[in-house]
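Following the hints, put chains B and C in place on chain A, whose structure we already have.
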Amino acid sequence: MNRRSVLLAATALTALPRLPALAQGAPGDPIRPLVLLTRPQAAAPAAYQAAELIAQEWRKLGLQVELRPLPNQQMSQVVWYERQRWDFTMWQMVGRPERGDPDEMVYNLLHSANIATGYNFVGYSNPDYDRLAEAQRSEMDQARRAAIVREVQEVVNRDQPYAFLVHPVNLQAFNKQVFAEGSAVNQAGLGIRNFWNWISLQPTGRQRDIIVNSTEPVKATNPFYVSGAPDSWVTDLVWDRLMRVGPDGLPQPWAAERVTQVDPLTIDCVIRQGMTHHDGTPVTTEDVVFSYEVPGMGDESPMYKPFVQNIASVTATDARTVRFVLKRPDAAFRIAVLAKLNIVSKRIWAPVVQDYLNRPQNLESFVEERPVGSGPYRFVRSRVNEEVVLEANPNHWARPKADRWIMRIILNTEATLGALRRGEINVLADYFGDPDLVKTMARQLPNMIAVREEVDIGFQFVGMNLRRPPFNDAAFRRALSAAVNREMMAGAAWNGQAVPANSMVSPALAAWHDRGIEGRVPGGNLEGARRLLQEAGYRMVGNRLHYPSGVRETTTPYQ
Amino acid sequence: MRAARATLGFLRSQPFALVGISIYLLFLVLAIFADQIATHDPRQILFSGAYRVARYLPPSATHYLGTTAGGRDIFSQLVHGTRSALTVGVTAAFCVVFLGSLMGLLAGYLGGWVDRIIMRLSDIVLGLPFLPFVLVISALTRPGTVTLVASVALMLWPNTARVIRSQVLSLRERGWVEAARVTGCSPMRIIFVHIAPQVAPLAALYGSIAVGWAILTEASASFLGFGDPAAISWGLMLQDAFANQALSREAWNWFIPPGLCIVALVLAGFLVSRGSEKLLFPKLGD
Amino acid sequence: MKRVLGRLGHAIFVLWAVASLTFVMFRLMPGDPTLNFLSESFSEEMRAALLTSFGLDRPLPEQYVLYLGSLLRGDLGVSFLQKKPVLDILLDALPNTVALTVTALVIAYAFGIIAGAFLAFARGSVTEGIAIPAALITRAAPEFWLGMILLAWLSFAWGIFPSSGANEAGSEFTSEWARLTSADFLWHLVLPALTLALYLQGLPLLLMRATMLEVLNDEFIVMARMKGLSRWAIVMRHAARNALLPVATAFALGLGSSFGGNVVIETVFSWPGLGRVLVSAVQGADYPLAQGAFILIAAVLVTMNMVADLLYAWLDPRVSVGARR
Chain A
0 MNRRSVLLAA TALTALPRLP ALAQGAPGDP IRPLVLLTRP QAAAPAAYQA AELIAQEWRK
60 LGLQVELRPL PNQQMSQVVW YERQRWDFTM WQMVGRPERG DPDEMVYNLL HSANIATGYN
120 FVGYSNPDYD RLAEAQRSEM DQARRAAIVR EVQEVVNRDQ PYAFLVHPVN LQAFNKQVFA
180 EGSAVNQAGL GIRNFWNWIS LQPTGRQRDI IVNSTEPVKA TNPFYVSGAP DSWVTDLVWD
240 RLMRVGPDGL PQPWAAERVT QVDPLTIDCV IRQGMTHHDG TPVTTEDVVF SYEVPGMGDE
300 SPMYKPFVQN IASVTATDAR TVRFVLKRPD AAFRIAVLAK LNIVSKRIWA PVVQDYLNRP
360 QNLESFVEER PVGSGPYRFV RSRVNEEVVL EANPNHWARP KADRWIMRII LNTEATLGAL
420 RRGEINVLAD YFGDPDLVKT MARQLPNMIA VREEVDIGFQ FVGMNLRRPP FNDAAFRRAL
480 SAAVNREMMA GAAWNGQAVP ANSMVSPALA AWHDRGIEGR VPGGNLEGAR RLLQEAGYRM
540 VGNRLHYPSG VRETTTPYQ
Chain B
0 MRAARATLGF LRSQPFALVG ISIYLLFLVL AIFADQIATH DPRQILFSGA YRVARYLPPS
60 ATHYLGTTAG GRDIFSQLVH GTRSALTVGV TAAFCVVFLG SLMGLLAGYL GGWVDRIIMR
120 LSDIVLGLPF LPFVLVISAL TRPGTVTLVA SVALMLWPNT ARVIRSQVLS LRERGWVEAA
180 RVTGCSPMRI IFVHIAPQVA PLAALYGSIA VGWAILTEAS ASFLGFGDPA AISWGLMLQD
240 AFANQALSRE AWNWFIPPGL CIVALVLAGF LVSRGSEKLL FPKLGD
Chain C
0 MKRVLGRLGH AIFVLWAVAS LTFVMFRLMP GDPTLNFLSE SFSEEMRAAL LTSFGLDRPL
60 PEQYVLYLGS LLRGDLGVSF LQKKPVLDIL LDALPNTVAL TVTALVIAYA FGIIAGAFLA
120 FARGSVTEGI AIPAALITRA APEFWLGMIL LAWLSFAWGI FPSSGANEAG SEFTSEWARL
180 TSADFLWHLV LPALTLALYL QGLPLLLMRA TMLEVLNDEF IVMARMKGLS RWAIVMRHAA
240 RNALLPVATA FALGLGSSFG GNVVIETVFS WPGLGRVLVS AVQGADYPLA QGAFILIAAV
300 LVTMNMVADL LYAWLDPRVS VGARR
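Residue numbers (numbering that gives the first Met the number 0), protein chains in the order written: chain A, 0 to 558; chain B, 0 to 285; chain C, 0 to 324.
With the rest of the complex left out, here is chain A (with noise of 0.2 Å):
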């Protein structure tokens, strides 16, 4: 025994209860460069940004990072599609009002059953986490949910299958020259962009016109098709929906005047007296059933279809009563099935789906002339890359306050900026920008610019793939998250407007998620990323990150 290995003996010894990975002998392979996927910086500066900021980070551990930005589409092709082959990607879920329940969040993207070809494109499977996933589904006691759906988040903060990054701010404005201040409507996790605030603002003066800009053009008006968040703001308008997701992001009565559960699997909903469609004919108990079964038919409506696979049976039971049976207790029905289908009118509807189901296309193909609805907003005409034009149906019981509702498409966002200041728009409700210059605006303009900042119910992360090595193991998934930075992040990725996040159910519902849980990600900064790597057996030679003792390389490096 020579010197060193006397030394070495000794180290061991005293270290073996600390240190039990020291004694294990030399370490494994250098693990292979990874490759992070994101989308380019034009397409998407902040999460390239914070890409960049990532890669540095994760370099310190010893990592090879590179960095690969791929167009949208190549981007989802390899990501959804060839599900072996990426090491760890930039990605997101974005904030609708359905998404004020967390089933989706919750249910959806990490259960084992969606591994093969759903949400779940890291590979995440954890029978503990699959067992409350669907516990929360079936529980109808709010509070006993709540508390299952905060284990839920427990589970994913120890396991970490994403490295969570933050939750966006949704900065929006408004010009308060044209609407009275106090009649804005913030939602949970949606700010001023919805509903209930767009059949709210009041205005004050000569213009009665709600203008507002979107980003991205409108594509499609169907109430039986949304092809893009644009899509989905209009169709809201003009199509009513037995529930609505109400301000607090809880799902109340509207068309249904009155919804009871009868039992755990029967709800009755009575609809409201008095209600026409555009075109003036009455919204009847038929029209309800009619738009809760087409979906089912066929591949008539495949966007919609998930949504009544539960529902057994619906009836009409009298002239203002239906009844939905379903399959199994579903807790998120109201919210994401009750407040989501469009009610449309049978009349119209009833010889389309006849002649679409002997067709090739499905629904989605339709193109109503004057689309037909009951909502509170009128279809007057839409032109893809320039706007959408609403007006306020005055035989609604819910009228509007304004005299229409015009959503300006505009891509370039300094000219977004240029319209409000010139009152070519006077509602901000779709913008990336840079937060500061709106605020200096407001602080320029007092009089005319008001300001409302909320939490998205949606988030950033970066998704792991656990397929592959070292993803595969939680601590080294662990300490990737640790070493991330999220008030950076938020600050030098989203200019500050994001707030840090770890877990998928955002701050901004409230009911739902765990507070403090991202000052809880295990480890918690690159100091204790490098302890968990170093606890875990993982081994700095030179400066490159190794394997722990005995495991060896045999993942290609992504191509």
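What the hints contain is simulated information worked out from the structure, not anything from laboratory work. It is possible that part of the hints are untrue.
Here are the computed lysine-lysine pairs in the DSSO-like style, where the Cα-Cα straight-line distance is at most 30 Å [claimed, not checked]: (1) 175(A) x 438(A); (2) 400(A) x 438(A); (3) 304(A) x 83(C); (4) 175(A) x 400(A); (5) 326(A) x 304(A); (6) 82(C) x 304(A).
Source: prediction; values computed, not measured.
Chains B and C alone, transformed into the frame defined by chain A:
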């Protein structure tokens, strides 16, 4: 030696060309010594404290042109952007000249079906809208410098080819070409040894215009989000500046310099071509 | 007449080739058009159904034949995302692009011709020393850069011109023609048209100047001058007429090429034209729409190339059809 003196004399008599050549030389120096001239790594995110990114810094002694929204040194990006501009411009020009001359020479000298095929091809290319084609190709393949240069070359060769062809048509009837043919020179030898040198200056003229086209195209493609995401180019700098609302921030230091550099380099190509036009076609100008 | 027919046949051949090339280009696209629909609820069966509904599951030769057949019938297919006939979407955007292109070209050529003629007279003057480089600079500057700077000054800072779009929000018109001739539309048109014109005026200016110089040196002009005709009369009677030929040809060619080149200007000014349709379709991998927009732009280009040829031949019978640019 005589050639050098002739060139110098020419430049002195043609201030346009002189200015153009000087701009080229200036940018060439910048490109070659970019690493020495740049003060920072153009890609690196700079920090002004722990976890505080050095963003939107105004011009100063450490950052001659300030920093971007992402915390990168603008001056260094500008200097390194020269490389990509020259690479794109010069390779595209080279490809245009090469492809255009080759096609023009073959079509003009060989005539017959070769001529017809080449002219048909060039008609088809002239029927393709320039920028839309570049955008679609960038979207279809992996966006990058190679794609861009290739599509610019593919779109611009017909103009050169047509001019070269008509030049060759008149040259082939000259006595010395006839003489070469009689002495048994192969057509390829006549084309490339005897005729090609005669049309080279004309091709170079079209090349210098192609430099500008390629650089402008790169800038436009980048602005529309079809640029090479990994490159550091003036076009991407402008895209970055506009996306981050440099105009509203009145960050002139960010979006004016790249634009001026593009103007200068493209202008240089025009000036050189205008100057040498007079050399090539003395009748035309004066 | 025979010449016209021959040229028409040629244009049809080019169109066929462009259409075929477009087909190949778009089929070789990597990625999958169904990627637009990724969501929590998107399944494999839905993907297959989507591909079937657009005929993308058939063998390529069959797709090609179907494609050419529908093109001949003027059927450009249905947009993936909007689910509307591509032709309708394009026809909606077309008037805006035509208005922008034609206005800008007319301004550019009116200015360019006058300024070019003037500069031909002002040979060797200080004005010329400034004007020629200035004309070259406007041609060397990236359009979007100029456009953004103009927008920042004249719209955001001074508030004179609107910042985006072709009409004020929600404006109603009795007809498309009423819209295009409304004061509101023209006011929105000013900035984009000026930016485009600024970029386009260099060519007619230099062309006009060069031809004028050439003509002015011709013997018959020198003769006329010796006969004591005034300079202006000479210019009007002889020089300008001769200069018309290349300028008119360039105008026709310019109409064809700036039609597709407007992409950038339309993006800067959020102008709802064909270029925007093309860019957003390409970005969204909306094949049928991108393909349709591309073919329409190419068709205009080919047509204008043909018009330029015929114009050239008509104005100058010495020149045979075919030599141009």
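Status of the hints after comparison with the structure:
{"no.": "1", "hint": "175(A) x 438(A)", "in the structure": "holds, 15 Å"}
{"no.": "2", "hint": "400(A) x 438(A)", "in the structure": "holds, 27 Å"}
{"no.": "3", "hint": "304(A) x 83(C)", "in the structure": "holds, 22 Å"}
{"no.": "4", "hint": "175(A) x 400(A)", "in the structure": "holds, 15 Å"}
{"no.": "5", "hint": "326(A) x 304(A)", "in the structure": "holds, 15 Å"}
{"no.": "6", "hint": "82(C) x 304(A)", "in the structure": "holds, 18 Å"}
Of the hints listed earlier, there is not a single one the structure fails to meet.
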